[in-house]
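Asker: Residue-level listing of the chains:
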Amino acid sequence: MRLEKYKQETWLCNHCAMCAETVNDESGWYKTCPVYRQLGFEDSSARGHNTIAFYLLEGSLKYSKELADCIYKCTICAACEEACKPLGNMVASIGGSALKTMLPSIMSALGEALEPIHSIDIMEAMRADCVALGLQPEPVKKMAASTERNYNPYEEPHANRLKWAEGLDIPQTADTVLFVGCTPSYKRQEIAVSTAKILKSAGTKFAVLPDEWCCGSSLLRTGNVDMAEKMIRHNVDLLKEKRVKSLVTTCAEGYMAISRDWPKIAGELPFKVLHISEFLAQLISAGKIKFKHRINSKVTYHDPCHLGRVMSVYEEPRAVLKAIPGIELVEMYPTKHAAWCCGAGGGVKDSNPDLALDIGTEKIPLIKETGASVLASSCPFCKANFMDVIDKAKEPIQVKDITELVAESMGV
Amino acid sequence: MEEAERGKLAKDLEGIVGAKYVRASDVTRWTYAIEDFAGSFFYPLSARYGPPDIVVKPHSAEEVSQIVKLANAHKVPIIARGGGSDMTAAATPLKEIGGMILDMTDMNHIIDFQEGLNAVRVQPGIRWGELHHELSKKGVTSGVRGPHGFLGATLGGGIGGNCLSINSPKYGWLNENILNLQVVLPNGDIIETGSLANTNVKDWYYRYCNGPDLVGIFLGAGGAFGVITEFTLRTYPIPEFSDTPAYTFPNIDSQLKFMFKLEWYGYVTELWGIAFFALHESFKKIIGPLLGERDIVILATEAYDKDVFEAQKKAIDKIAKEFGGKVLPVEGLMRALGTSIIDTTGWMGGGTTGKVMGPNESSTCSIASTLKWERVVRGVLEVLKKNEDALSGGIPMIGAEHFFIFPLFLTGGGAAQSVPFTPVDFSDPEKLKKAQELYEEIMEYYLDSGAVALYRVGKESQSLMKRFKPEYISFMKAIKKALDPNNIMNPGVLGLGLEEKE
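Residue numbers (this note's numbering), protein chains in the order written: chain V, 2 to 413; chain Z, 95 to 596.
Keep in mind the hints are simulated off the structure, nothing from the lab.
Watch out, some of these pointers could steer you wrong.
Stated by the list, open to error - Listed next, the in silico DSS-like pairs over lysine-lysine satisfying Cα-Cα at most 25 Å (straight line):
1) Z:K189 - V:K8
2) V:K337 - V:K74
3) V:K32 - Z:K189
4) V:K63 - Z:K189
5) V:K393 - Z:K114
6) Z:K408 - Z:K355
7) V:K32 - Z:K114
8) V:K74 - Z:K114
9) Z:K466 - Z:K479
10) V:K369 - V:K337
11) V:K66 - Z:K105
12) Z:K408 - V:K66
Take the sequences, apply the hints, and build the full model.
Answerer: Okay, here's the thing in structure tokens:
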């Protein structure tokens, strides 16, 4: 069992329930786990999942279809881990790395106390065990089977991966590569198109690769570890062969996978990785983005969980939005580290589509409270789910990726 | 419970609360087989505890009443559960008896708050963070701020488990702030106590009226006599001025006298002490060179008026000097961090508690007279040192193989808390067993000392029961029998309701 590795971790959870439902005005939390908010029983919270893991290791529980159905409802939004490291966050907010240099003995004494219980790793290990036993939900099996055949989870032919780029005249060799990802390539192509147009207009020399495969993130999140490794190794070999120096991705999930997961599997990456929001912020600072049109709208920004909580990219997307003439950026509450998940992550959009919609729908009152007419994000998964949510709720709210707003203002 | 019986019970429960709020699957049931873990690491593996037979989420007193009547008909025990962080297994089912968990977390609403009333009326499933959030919008506070590090804890759980709270030195324990209760009795009747016992009183909250104070028997009772479905809690204006001064003292005697006097005079809101002698060598090596071998006190003080606040701080300083105190300049640091010892609910939660303190036997959580605290702790240290081999590994903190520390939290009412925090190698069954024996020895020592009272009783009350006077036990059993003849209300809690098994 992959779960064996986390035996000590399951013992250290002190069951304080902050991962399930924290409200803390001082640290900006208003409720923690999106799935617990919907389902309400212990087995839908990280604390419950850790308890399941504990009893799997102890022997009272066995892997089963029922257990798999339960754990595949988690969106892997990592709010549980964020809430689980209040001391770590406090230290980080006063300059964690500086303190490590200034007060090495005290910081080393604090040791793992600054780390959360790694509930996501525990969850992913349980899912990997479920996959090994063939217990994962059918949509997850289908997604993996498609990825094995087509290198994307959507049953789309690999040959169509760059169909969105037709007529854009994008080279296939350059120091900088736009790693498009499966969702912008096949489902939310407007994000890929906007990004390419912005980069071209800003004078960035970049390439897209027809032999790009799935980044592996969805596979890793759903327990398909071996197949994820195959995808990751292919991509890394390809990028090495092309001698790529920097890689830009439009997808929050892909950015997390490439930055955090790829090195664990393929070793240190010989290229720099940037999320499009970071790259755009750099281009704006360098004066390479020329905005032509005002967008006179109140916009609120949804932090994608894997870009924000996991990768700590909070300010760059906001800087990009603030730079667009006419946009008034307004914040939801809770926001940033405590932002509510869109509901689509962790394979939930496939395995439990109604749950994904219910979680996303919960966010509508937060959006409306800001008075915003546009909900911006920087993740194609979040955009896709919110489009379904808003469509179902028939709310007059537009859902846009930050690249679309930038492109619109640039007039490209 | 047999599957057929479980199925029948589930169907009946669904008829009361709806199918969405009933769960009988193995996976769900096992997630209710554990409460606080760092505090009670023996229970999950103990032969005594196991999962419930079924879990149900009620939404009103009327639903609870129907569930209780159903439980009587099926002779199935009922265990009301809040945030699930009790340290004494109060809401964990006994393996041999099982039962039905009433997960109260959907009964989490504020029922009434009116300007001019010094009370808020709430349901028991409300969590501390939510209460603070809602009350602060109205410019008031509950005074007591809940248990350290457990923002997910519910107030109902705190009432049933006798919750010591942040700010207890000023505001008393949680249960001292309860005014009225609404309780579903074991026969399904719904009663209200205090001012609300009068049918004409709807929204005025007072405890000591209309005859005897019947609130008390339900507080700290772990649901043995009924299920609390509403309560009123005192509220206070939010103090405008607050600060976090700290001092060091030349010896434990001065430290304790200072703490005692501050609380007695009503100058402190929250107060912690660290006794140098009770620290493990690893900690002494860090603190010794910085502060000398002195004992530390850090406190929160607050007031509504600036002049009163300044005068109070001056008075505290004067008392500190009287006992040889030296200022420890943490005030500015705390202000810079935007925190105080009152905010510990936030930063002590999550992985922090488990990873810093490690699994510790918090069911030994106990209080002693502040002035006798040193004697009690020296006794426990002897027990720990004698059995130090049982306490190795487990926690990475400072790389210590063995350590124990007694933070001295003042708990109000002239009492101080004494908690051994110790690492145990839980991967080694032999060491785990030894650690359990060690904690039982500590518990026995506490109770033999005559200076200590366990304040969390729950289902780990065997040692305490042996010390109760027979008349007291008979009295409790008589109440139990009168109220709950079928023994369905959380059997095992307070040592009650197990007669048929004995």
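Asker: Each hint: holds or not?
Answerer: Against the structure, the hints:
With a CA separation close to 24 Å, the supplied pair K189 of chain Z and K8 of chain V stays within the 25 Å bound. The suggested pairing of K337 of chain V with K74 of chain V holds, with an alpha-carbon distance near 23 Å, which does not exceed 25 Å. At roughly 33 Å between alpha-carbon atoms, K32 of chain V and K189 of chain Z are farther apart than 25 Å, so this suggested pair is violated. Restraint check for K63 of chain V and K189 of chain Z: satisfied, since their Cα atoms lie roughly 19 Å apart, inside the 25 Å limit.
Our distance criterion of 25 Å between C-alpha atoms is met by K393 of chain V and K114 of chain Z, whose separation comes to about 23 Å. A hinted pair counts as satisfied when its Cα atoms are at most 25 Å apart, and K408 of chain Z with K355 of chain Z qualifies at roughly 14 Å. In summary, the hint linking K32 of chain V to K114 of chain Z is supported, as the alpha carbons are separated by about 21 Å, within the 25 Å threshold. Distance restraint check for K74 of chain V and K114 of chain Z: the Cα-Cα separation of roughly 16 Å lies within the 25 Å cut-off, and the hinted pair is therefore satisfied.
Our distance criterion of 25 Å between C-alpha atoms is met by K466 of chain Z and K479 of chain Z, whose separation comes to about 21 Å. Restraint check for K369 of chain V and K337 of chain V: satisfied, since their Cα atoms lie roughly 17 Å apart, inside the 25 Å limit. Pair hint K66 of chain V plus K105 of chain Z holds up; C-alpha atoms about 23 Å apart against a cutoff of 25 Å. Of the pairs offered as hints, the one joining K408 of chain Z and K66 of chain V is violated, with about 66 Å between alpha carbons and a cut-off of 25 Å exceeded.
Going through the hint list in order, the structure does not satisfy hints 3, 12.
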